[in-house]
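Chemist: Take a look at the letters that make up each chain.
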Amino acid sequence: MTDSKEELNMLVRRYLSKTPKALLGMALGAAIGAGAFTAGTASADEQVIPSLVYRTGPYAPGGISLADGFADYFNLINERDGGINGVKLKVVECETGYNTDRGVECYDRTKNEGSGATFYSPWSTGITYALIEKATQDKIPILSMGYGRTSAADGRYFPYVFNFPSTYWNQATAIVQYIADQEGGVDKLKGKNFAYIYLDHPYGKEPLPTLDILAQKFGFAFDRYPVPPASMTEQKSIWLKIRRQRPDYAIMWGWGAMNGTAVNEAASIKFPMDHFIGNWWAAGEDAVEAAGDGAVGYKAANFHGAGADYPLYQDLKKYIYDTGKFAGKGDQWGRVLYNRGLSNAIVAVEAIRAAQAKYGNRVITGEEMQWALENLNMTDDDIAKLGATGLTPAVQVTCQNHEGQNPAVLIQQWNGSEYEIISDWVPAMSDLTRPLIEQDAEAYAAEQGLQPRSCS
Amino acid sequence: METIATLLGVDPFDLWFFVEVLVGGLMAGVMYSLVALGFVLIFKASSVFNFAQGVMVLFAALNFVGFLDMGIPVWLCFILAMGVMVLLSFVIERVVLRPLVNQPHISLFMATIGIAIFLEGFGEMLWGSSIKPLDVGIPDDVFFLGEAMIQQNDMFAAVVASVLVIALALFFHYTRIGRALRAVADDHQAALSIGIPLNHIWIIVWSVAGFVALVAGIMWGSKLGVQFSLTVLALKALPVLILGGFTSIPGAIVGGLIIGAGEKLSEIYLVDAIQSFYPSFSGAIEEWFAYILALAFLVFRPQGLFGEKIIERV
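Going line by line, the protein sequences match chains P and W.
Read in order, the letters of the first sequence correspond to residues 1 to 456 in the working numbering.
Read in order, the letters of the second sequence correspond to residues 457 to 770 in the working numbering.
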């Protein structure tokens, strides 16, 4: 035994002596630095919920909140209710680092886990785009709440993609509507000048056609300020231009470090913060915390509640936080993007429940989940029973409309220590965007050689 | 200024705005220089391009803000964070550099990539990934020079960078260790033959680079919060190094100023000019324009503005 051990040691030493040390250093670094796939133990009687997370890298400040909220709600259902009708939920995390290629790899690695993936929430527009055809073929729904491909709202061509409760295009119209409300009506938009600051990425460019149409319709002008992803933390020139241009409002479509830098620079040039409106991915605490008092007054759109003042949080405290069963470090309590993770999981749990009501109290398949999402009708009463009134919006999905029936946004404002919701639901201009959505979906179908399915 | 504006036939505000862009650019350049300095120090002493310098900025700042969050006084946090960087230098010398003495430079460069990946993961493991606001009392208001708005924190950074450069120049020229560092930079083997302990020198130079990283990390962290995107700052230092030369401390500063001012002026005025011909041009040229600017300089001075001109006879 000793001899064989020594032999092994000698072999290892010999191998090490022949391996370039630099490569060993890199391998060690990579082993510690890289994220991992954290499952492989799901059994066939568990409902597998893959979670494509980014807990590392420059987008982690938002990614951690989303991942923790998502996982904590499923854990709450397991701990408090014993699962859904006795079926336990198994969250399977895979680290994407917000990279599209790693997101696709995570999808491939997790889709056959246990009894198979129930649905995917990629938390990335890039990953969502990359998975549309694959997931449709595999009959696994993609639930991209408030991100991804806007025209996937047309369920005739995108049966497995859902983007309720609103899309980027409708969010853009709702933000413009909010500005109009502030100014005293849409007629007051004429002659106004906006700055549109966006991540120079498919996500940031997504609402540009809508803004062009809105500008033409209401007579305002807007200047585009793209922020390259590789230099999100250096925006001085952009804000110098904005200072020279003196726009009436600034609208931001940012993510990751871009948001905090923009708010910081806006504060530096004394831009009136209550005229600076981020979209719902620029609505996290990470956008404002580094700027300190300079960020007070900053506004952002949202489609769910802010803070922790909801009955659901009492259950989270009792079953998850007090028992130490929280995801991550348990430090995301009440943060905006944590609530988004919760909101996403709430919808998913109610869809699984609906699927079980139709197909039986067992583990459901992706195809059955698709039916449930497509027939989802969460009313205010349903939400109240979940203790989530104000936390997550009512939503009704149809075969034709995967965006939901009433796309709208709330506007929240940073008061120096937390976000406060300061508006009622601001409705989107769906009458303007729906034809565009259908037009884009039809163009996609023509490209892919798809026929519309019947929704009658 | 009004007189000059009248003579030039432009609006005085435009002239003040030009001053604001120029000063803002120069100040941004100073911040790039703080990162570039760390690269220069290590390259001077060991001819190693330290790919990990950007991550060292993050790692030092993470330690600093981590200690600060524990309620430790700022001055002690600085000492503790510096202690971590010195310890890191010991470990790097022992584990990475010493085994690679006399190996090709590319091996050392590859090893620094490993260090960068390791430090990023290790820092994340120790302190988490969230953005940590950092307030060490650096003034963050603005003041006006005429109509030009100047950021106080930029001016503060300029003063810090100036003090740092003067201190490093004095250290390299007037101390025994500084002279030894320069001797090692010129020729490892010759330095060894006259009794300069190479290993100690490497520890010292990596510690000094760690000190520069800590200062840069605090400055950038105060501006943006300590976050993992600080590692991309290394990308901003590259054109500065190309322009200023990899071995010159004044080069890092002057290079930073030229790159900073050049990219801001081009983003504002060159983009304006292009847009007057091609209105749908979206701009965002500064990211690559910095490299074009640096490469343009190289046409005339291949060794960089202040780099050493090496003549090899064959």
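Don't read these hints as lab results, they were simulated from the structure.
Among the hints, a few may not be true.
Claimed, not checked - Interface residues of chain P toward chain W, partial, derived using beta-carbon atoms under 7 angstroms:
no. : residue
1   : Pro58
2   : Lys236
3   : Arg244
4   : Ala257
5   : Gly260
Note that the Cβ used here is the ideal one computed from N, Cα and C, for glycine as well.
Chemist: Does each hint hold? Answer for all of them.
Modeler: Tested hints:
Of the supplied interface hints, the one on proline 58 of chain P holds, with its beta-carbon coming within about 4 angstroms of a beta-carbon of chain W, less than 7 angstroms. Look at lysine 236 of chain P: its Cβ gets to within about 5 angstroms of chain W, closer than 7 angstroms, so that hint holds up. At about 6 angstroms, the closest approach between the beta carbon of arginine 244 of chain P and any beta carbon in chain W falls short of 7 angstroms, and the interface hint on this residue holds. Contact between alanine 257 of chain P and chain W, as hinted, is supported at the beta carbon level, the nearest pair being about 4 angstroms apart and thus within 7 angstroms.
Contact between glycine 260 of chain P and chain W, as hinted, is supported at the beta carbon level, the nearest pair being about 6 angstroms apart and thus within 7 angstroms.
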